[in-house]
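Number 423 in this note's numbering belongs to position 338 of the sequence shown; there are no gaps in the numbering.
Since the hints were derived computationally from the structure, they do not count as laboratory data. A portion of the hints provided could be inaccurate.
Taking lysine-lysine and the DSS-like style, the derived pairs with C-alpha atoms no more than 30 Å apart in a straight line are [to be verified]:
#, residue 1, residue 2
1, Lys598, Lys499
2, Lys249, Lys499
3, Lys249, Lys502
4, Lys597, Lys106
5, Lys106, Lys499
6, Lys106, Lys502
7, Lys598, Lys249
8, Lys249, Lys495
9, Lys495, Lys598
10, Lys495, Lys597
11, Lys597, Lys502
Simulated DEER-style distance windows between Cβ atoms [as the list claims (entries may be wrong)]:
#, residue 1, residue 2, range
12, Thr488, Arg136, 43 to 51 Å
13, Gly627, Lys598, 34 to 42 Å
14, Ala292, Asp336, 15 to 23 Å
15, Leu513, Val271, 36 to 44 Å
16, Val278, Val102, 37 to 45 Å
We put the beta carbon where it would ideally sit given N, CA and C, even for glycine.
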Amino acid sequence: MTINGWIQILLYCGILVLLVKPLGGYMHRVFTGDRTLLSPVLGPVERALYRLAGTGDQEQHWTGYAAAMLLFNLAGFLALYFLQRLQGGLPYNPAGMSAVEPGLAFNTAASFMTNTNWQNYGGESTMSYLVQMAGLTVQNFLSAATGIAIAMALIRGFARASGKSIGNFWVDMTRATLYVLLPLCVVLTLVYVWLGMPQTLGAYVDATTLEGVQQTIAVGPVASQIAIKMLGTNGGGFFNANAAHPFENPDAISNLIQMLSIFAIGAALTNVFGRMVGNQRQGWAILAAMGALFIAGVAVCYWAEAAGNPLVHALGIDGGNMEGKETRFGIALSALFAVITTAASCGAVNAMHDSFTALGGMIPLINMQLGEVIVGGVGAGFYGILMFILIAVFVAGLMVGRTPEYLGKKIEAKEVKMAMLAILCLPLAMLVFTAIAVLLPSAVASIANGGPHGFSEILYAYTSAAANNGSAFGGLTGNTPWYNITLGLGMLMGRFLVIIPALAIAGSLAAKKTVPASAGTFPTDGPLFVGLLVGVIVIVGGLTFFPALAVGPIVEHLAAIHGQTF
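Put together the whole structure using the sequences plus the hints.
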């Protein structure tokens, strides 16, 4: 590790913190219906969309909110699936891409609809311009807007008292798209084009290399997709190499903007929460817990990659681990990007996680296995950490012999059960599918490595799918019937088995009366609560996943120290 590397990391953290309050304030005005700078232009558009869709702005009970969300996402899934299946006969297909086979089309539709963006294909060699734009990019917006909408519904559950509704899904999704995602993406797209990203509907470019060989260079509407890919924590690349490709991530400036984009909305939602419950310190406390876990992950990952591979050192080659990394980013920014993209449900990569050291690659795994609550995906990370907050205050209540409370709401059996259901559905999908896959010869045949690293490749895949992340250990060949179907099912479980309990909690809390704070009320805006929350997250995640981590990255690290390979 170097001082320069840490300066870059701390500079990133400082800029991010400075963005939290202004962006949070803007989003608060958007979702409370207050006037914003964009209201004169976008207000008439918003109202026209409601009239066109035949929806009103009447608030919904949590069951109505959930039904609207599920039906809307089902429609998006079907639209993307059939776009892929009909691709060969549709326009804007200059490379002549054929129809996507059914298993891969199912996997991809589930992936982009759930904000996962797991890709069992090479973007530039599989998807036409039309599918990239009308299918993948559209779902990048809508899946991100869905996550923000669910977060806002749960926030209202805490902020309201004796209410029967938690908002209107159509209004929340429309405002998230129209006022937040679209304006920011327009600006980001223009910046990315200025930095050198392609944005064209023209055909792929034929070029002659210095060696005289003919080469086809893939281009397309790249900049616009990368803008929402990062801002919406989607992560799916236009190119197979993702953010390591120079057309997706040309230099250190674009790299910094993309890293900030990944965390910006998720971090700002903590401020929105604080404003809506009438105490911004509550939001800062949640962000502090996220920050503590984030810095710990960055420190371990950066240290492991900077220390390098013991097996390589044994050959007399010193230095850090640069395998799978771009020289224009180096070790520090590659490690930072890996932690950011797996702390959020983004999954974009500027280095190959499969080439990280055992302990360096373990940190992305842990981030996802904790439910990606360290800022997390847009909306998804915030309603995920609220589940852990309910468990934390429940534990605090048990320790002092009081009924658990949070922000004046009594946390009772129903809320705790729903929170545990949301938390435990992730290890169910991650570990059960992994256990089955390692017993199937056809599934094991897809891994490129034997021993503990091969096990980690399978574990990483199902962890990434259920956590709606989308990154991968590249040694796994996932485009097989088994992985296409089971990874798709894991994505659906990881998305909707968390959202439904979260909305049930929102409805239950909104109906409760607010209890005034007393001398015995546990303060949830100070360092003690931050420490308790971090401890609960680490302990719950550690108890659940440590055996699997011990089989994979830890055994691999110990073997490397002793000069053993598999």
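The hints, checked one at a time:
1. Lys598 with Lys499: holds, 16 Å
2. Lys249 with Lys499: Answer holds: Lys249 to Lys499 is near 17 Å, not above 30 Å.
3. Lys249 with Lys502: holds, 21 Å
4. Lys597 with Lys106: Distance ~29 Å between Lys597 and Lys106 Cα, so the pair holds.
5. Lys106 with Lys499: violated, 33 Å
6. Lys106 with Lys502: Since the Cα atoms of Lys106 and Lys502 sit roughly 33 Å apart, the hinted pair is violated (cutoff 30 Å).
7. Lys598 with Lys249: holds, 12 Å
8. Lys249 with Lys495: Roughly 17 Å between the alpha carbons, so the hint for Lys249 and Lys495 holds.
9. Lys495 with Lys598: holds, 9 Å
10. Lys495 with Lys597: With Cα atoms ~8 Å apart, Lys495 and Lys597 stay inside 30 Å; holds.
11. Lys597 with Lys502: Holds - the C-alpha atoms of Lys502 and Lys597 are around 17 Å apart, at most 30 Å.
12. Thr488 with Arg136: 43 to 51 Å: Taking Cβ atoms as reference, Thr488 and Arg136 lie about 47 Å apart, which means the hint holds.
13. Gly627 with Lys598: 34 to 42 Å: holds, 36 Å
14. Ala292 with Asp336: 15 to 23 Å: holds, 21 Å
15. Leu513 with Val271: 36 to 44 Å: With Cβ atoms ~40 Å apart, the hint holds.
16. Val278 with Val102: 37 to 45 Å: This hint is violated: roughly 28 Å between Cβ atoms.
Consistency with the previously given hints fails for numbers 5, 6 and 16, ordered from lowest to highest.
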